[in-house]
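Chemist: Sequence:
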Amino acid sequence: MKTRIQTINEIAKMKTHALAIGAFMTALLPSAEPTAKTPNAMSLVELQSAGWAIVEKTEAQKRLPSVAPYQNLERVIQIVNYRLRRNGAEIRCKTAYDSQRDHYEETCSKALE
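Under the numbering used here, the first residue of the sequence shown is numbered 1016, with each subsequent residue one higher.
Some hints could be false.
Computed list of lysine-lysine pairs in PhoX-like fashion (alpha-carbon distance at most 25 Å, straight line) [as the list claims (entries may be wrong)]:
1) K1109 to K1077
2) K1125 to K1109
3) K1072 to K1125
4) K1072 to K1109
In case anyone wonders, no lab produced these hints; they're calculated from the structure.
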């Protein structure tokens, strides 16, 4: 049988975990959008609108251990690499989506001649 102190300690731990989960979820809210861009960076869609053509696309998936409290769900990172060309210049872009954290990230290199 649990003592009153053990019960109080368990409640305190649950409150701490609830606060940590709340802070974690709050931190994730803005991350569902693409990450912040540098002033000269363009998204994949913006590059295509500016005349860049996708000449190569490769896809891969990483399966990672899940994070509590969702340890029973499968966590998949979907990674897509793009190579774009325009007027002899080339740009490489990478997109990644984390299914468990609902986080999308997009990065593109500077144009190479």
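Chemist: Which numbered conditions among the earlier hints are violated in the structure presented, ordered from lowest to highest?
Modeler: Going through the list in order, the structure violates no hint and respects every one.
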